[in-house]
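**Q** Residue numbers (the working numbering): 3 to 79.
Hint data in this document are derived by calculation from the structure and do not stem from the laboratory. All of these numbers come straight from a predicted model, not from anything done at the bench. For glycine and all other residues, C-beta sits at the position ideal for the given N, C-alpha and C. Among the clues, some could well be false.
Computed spacing ranges between beta-carbons, pair by pair [what the hints assert, rightly or not]:
hint, residue 1, residue 2, range
1, Arg-49, Phe-28, 24 to 34 angstroms
2, Tyr-63, Val-24, 14 to 24 angstroms
3, Arg-70, Arg-36, 40 to 50 angstroms
4, Lys-54, Ser-21, 25 to 35 angstroms
5, Ala-55, Phe-28, 11 to 21 angstroms
6, Ala-71, Ser-23, 37 to 47 angstroms
7, Arg-67, Arg-36, 33 to 43 angstroms
8, Asp-52, Ser-23, 40 to 50 angstroms
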Amino acid sequence: MSTTTLHHSVQTASPGKTSPSVVKRFIDLFSAARQAKANQETLRYLRGLDDKALMDFGYSYSAVRELRAGHLPPVSF
């Protein structure tokens, strides 16, 4: 009976390498751009609602003021 042993070495990135790959940077930038667009559209929609409707949705008075100033308030679930 004969046994064959194969060895395969894989070169991995050095542990000191900290820069992300080009693909990861592209995905991160693409994702950030999509998130910014979604925030912009959400803000535009919410600013079109009256204060009573926003408060009925659960927004506080201070959150409504932030919306009127052009900022999305922080979201908590």
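**Q** Against the structure, test the hints numbered earlier, and report the numbers of the ones violated in rising order.
**A** 2, 3, 4, 5 and 7
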